[in-house]
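Protein chains in written order, with the working numbering: chain A, 1 to 307; chain H, 1 to 307; chain L, 1 to 307; chain V, 1 to 307.
Hints listed in this document are in silico derivations from the structure and should not be mistaken for laboratory results. Among the clues, some could well be false.
Treat identical chains as interchangeable: a pair holds within one or across any two.
[Claimed, not checked] In silico BS3-like cross-links for lysine-lysine, where the CA-CA straight-line distance does not exceed 25 Å:
hint, residue 1, residue 2
1, LYS131, LYS30
2, LYS209, LYS131
3, LYS171, LYS69
4, LYS131, LYS203
5, LYS178, LYS271
6, LYS216, LYS69
7, LYS258, LYS131
8, LYS131, LYS154
Model, not experiment: these values are computed from the prediction.
There are 4 protein chains.
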Amino acid sequence: MPTILGQNQYGKAENRVVKITRDGATHHIKDLNVSVSLSGDMEEVHYSGSNANVLPTDTTKNTVYAFAKEYGIESAEQFGIHLARHFVTSQEPIHRARIRIEEYAWERIETSDANSKFIGADEVKHSFVRKGQEIRTTQVTFDGEKWEVISGLKDLTVMNSTNSEFWGYIKDKYTTLKEAYDRILATEVSGKWRFNWTDDEQKMPNWEKSYEQVRKHLLQAFAETYSLSLQQTLYQMGARVINNRSEIDEVRFSLPNKHHFLVDLEPFGLKNDNEVYFAADRPYGLIEATILRDGCEARIPVDLTNL
Amino acid sequence: MPTILGQNQYGKAENRVVKITRDGATHHIKDLNVSVSLSGDMEEVHYSGSNANVLPTDTTKNTVYAFAKEYGIESAEQFGIHLARHFVTSQEPIHRARIRIEEYAWERIETSDANSKFIGADEVKHSFVRKGQEIRTTQVTFDGEKWEVISGLKDLTVMNSTNSEFWGYIKDKYTTLKEAYDRILATEVSGKWRFNWTDDEQKMPNWEKSYEQVRKHLLQAFAETYSLSLQQTLYQMGARVINNRSEIDEVRFSLPNKHHFLVDLEPFGLKNDNEVYFAADRPYGLIEATILRDGCEARIPVDLTNL
Amino acid sequence: MPTILGQNQYGKAENRVVKITRDGATHHIKDLNVSVSLSGDMEEVHYSGSNANVLPTDTTKNTVYAFAKEYGIESAEQFGIHLARHFVTSQEPIHRARIRIEEYAWERIETSDANSKFIGADEVKHSFVRKGQEIRTTQVTFDGEKWEVISGLKDLTVMNSTNSEFWGYIKDKYTTLKEAYDRILATEVSGKWRFNWTDDEQKMPNWEKSYEQVRKHLLQAFAETYSLSLQQTLYQMGARVINNRSEIDEVRFSLPNKHHFLVDLEPFGLKNDNEVYFAADRPYGLIEATILRDGCEARIPVDLTNL
Amino acid sequence: MPTILGQNQYGKAENRVVKITRDGATHHIKDLNVSVSLSGDMEEVHYSGSNANVLPTDTTKNTVYAFAKEYGIESAEQFGIHLARHFVTSQEPIHRARIRIEEYAWERIETSDANSKFIGADEVKHSFVRKGQEIRTTQVTFDGEKWEVISGLKDLTVMNSTNSEFWGYIKDKYTTLKEAYDRILATEVSGKWRFNWTDDEQKMPNWEKSYEQVRKHLLQAFAETYSLSLQQTLYQMGARVINNRSEIDEVRFSLPNKHHFLVDLEPFGLKNDNEVYFAADRPYGLIEATILRDGCEARIPVDLTNL
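Bound conformation, chain A alone:
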């Protein structure tokens, strides 16, 4: 046969699981979108259609829901670790499991004072509004021996309304852009960071605390960097994370340059003193790079986005 099978993986994608934990009248939510992907001895199902080595994707879905009950959802990372270990250790033909999770954050609805007095504050600790800012992500991969955990976020839109310049670039025959000494810098952050936890023998990071700290550092680096290029800002964001979080060895960002063009108001006899901008959709600059702890190997895939 002139064709052969290469890398392959299968599973159930986008299992939406919501877990409510009741601490008396106070409820807690975890809201996840879990995608399972399994690899192993899968030649026959491709060549002949024999499913003898195939754990159905429907079963992987059931396992997600059952584990939400059996183990709870302490964090997306910890939940992914339970799932990945299960698939690899319980089924001989499955050699590798990769669990990808999106997490949606919720915050409590504050109730009215008058009403709280009446019904008691505890009684309304079950009402939530979706935070709706970034989506938190993680990817846990297990091959039976080593772990790889790459967490991240996406859809976090940020803007500096000053302290950004762009000049001193190459000018070729197709260059018409004018240099800018005070521009808006805006982007929608997609980032992934890889933990150096790889082995059950190592002490596991505090996944929840790590996420909050990484998020804080990358936001602060964005805000505090006086930017001569989006690349420089990106590098500072990654370096700040590596330098402050010893559990992380590698960060990759994909940052669209969400252009805000100063509108030309002169035809109307008006001066636009960096006040009125047109927020453009397409095209957009796209800046992508990896920042590594010195001496570490890059393992996060280059493309975080499809374009």
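Position chains H, L and V against the provided structure of chain A, taking the given hints into account.
This is chains H, L and V only, laid out in the frame that chain A set:
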């Protein structure tokens, strides 16, 4: 001619304008998506293609940007009022202008203490992260005499993890649903509310404060209502707004019932004590209704969504 | 009580039903997205939460699937008529039913000649590829006496690469647009048309043939109109439908002007002879109008889109 | 410095270019979305913000439009080759260029016979309707010596209404799925295929013909495979391409299993004889694999989708 022209309107949709206001080193953002729609003596442009009565949509776009400079953007409503008045009063063939605006909220990025000391707190008052929760909306219509302002919001996702029941409904031959005495109630709020300000002689509402208060009341009503049906919750949300905000006479909500189905874990020997839910996409219940101040006329269109 | 209930409706939205009809080895598909919306004596469910008059949305979903078996799906319109009649006539508190349907078209995959000989042509009459062009829509409303059927389509993108001009418009102080004597005219057609069939006593239109003919006429009118404005093209599209289809009394279109801007290549020493265009996203012109058979009343809602 | 820069790339994404070619009154369209990504000596822009080695993303945008005029758009692949060669050979610091292109297909609107007679058939050869089925893709990478061309498609939805089974799989404690001996098999094809053309010395493939043939073969393989698993169908689709197209050495597919669940109509006293299905959204199976010409190396990245 056997065919005639009926209602028609035209304009430029989705003008994305960002306005930065600089108060020393402290910047403020307004981020709007403005859609202009004009009507009037437009028979000829439809019948013969004569554009003699047509103000180009490109001009309406320019006007949006010029007005952001000339008038600033105090609120989406006030900005829409400036625009609508301009189109109707400046061009004789234009008899009605409708301005629709979406507003995206931003909040400041908190910078690090160490850095703030170093560079001075003021220097980082130009960094923002998009709030990313609901989208605020308004629609301002002017016919040369009377104003109609309908504000609202969309994409505000909320959930009560208890205090919701559903039983006592009609059972016909196609009914299989089991009654529920403790279910999750979740929805993505789309709402519109109409102000009773219609005339330049009246005192104008405080648009910004009104929005914050309406948002608070509808969230609190959602949280505090012990629900026997989503219809009941919807009515309470609208009544709370009308009863607390004298500037508003009418509210309409479109509330999808975002079903969270309790997963059957019995096949795995597990008991699901209202803990593990499957968050479903489609189909979904869709509950829509208008709540009116007694004696007022309904004017908000019935369909807020396309389905 | 200072607040009262206004218009209200409820039901299950977006029931995705696929119906396979087997004519020997030749299969036929109908692929629909069905949304049910019911109104009637629903005060109590809003005021007190009593569901005594409420047929559950889950039951309306079940009815959609059961009716696909009981009646088949001859056309989206006919299917909607079966459903609407059922809800209004079988439940006393329900006075009005509105069924909205989206239909997705499929075409057959042509199989290879060699293979067809081998397995017999009939054996591969069960393979389909989704056509993926416009989405067909219908809305059937029944109040127990009269029918209203409004069919339509959306997402049909068309372009004329010449025979379009735009000049002779109003120039005010905000006008910078240059007149165009040969431009691209492109739009994404959203249209709805209302049938004059309103009564069971009347002969029902042939829904499938009517759709094909309306689609053909509006496409041809778009192609064949030498356009001085998008409004003129829109009117011709509607008039062509009314003039050719006696079953239809009213048409409404919402046509975004999908701008294709001629790129300025002069800075690069190149002449752009109406060859190279930038296809812009936002903002866009939005042209909307109703065309009526003379003497008929307009009943299609003014806003087909949310902006 | 404890952090270092890893892989990085930058450019302008999603340049929407429409090219009209006029062959007398007959016009031809190419409608592309072009994303440029450049790599090279870019350390300084990340470390210090110096843009001395940076060709602005705005310039890469201008180049796309200028090249549409200078070279025309014979095919997406050929256009990408022109662009990639230019960036790498014209700027010393740029060592690698990757051009990604999406192409949207259009077909002609057929005009009415009566009208054609009147105005002459040629006069309406400038009207198009977007085909709206799959999106065609290509990715051209050049490092100054070797070429890599990976073309593909996405959003091509297909369905077999019979000739699909699924049984004989592993049953563990979380398995509840019942075996199926006649099910619907539906998927939305995402595929990429790599050409063995890598050198200017080699004869270049006919990109347009190759695309049409690959598309035909993968559709026919989907239709003609009696399927015991989606993996088996996927493999047949890839093998058919490799076996029929000598210019292609590697194919990768990402195939969501778009579940169509047979609706249980028994509660309503009805028998569902493989007629009425619920088309589910999430979760879905996701089957991904590479098929290689024997002896060739896999180079297409494993993840075609973000989940």
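Broken hints, by number = 4 and 6
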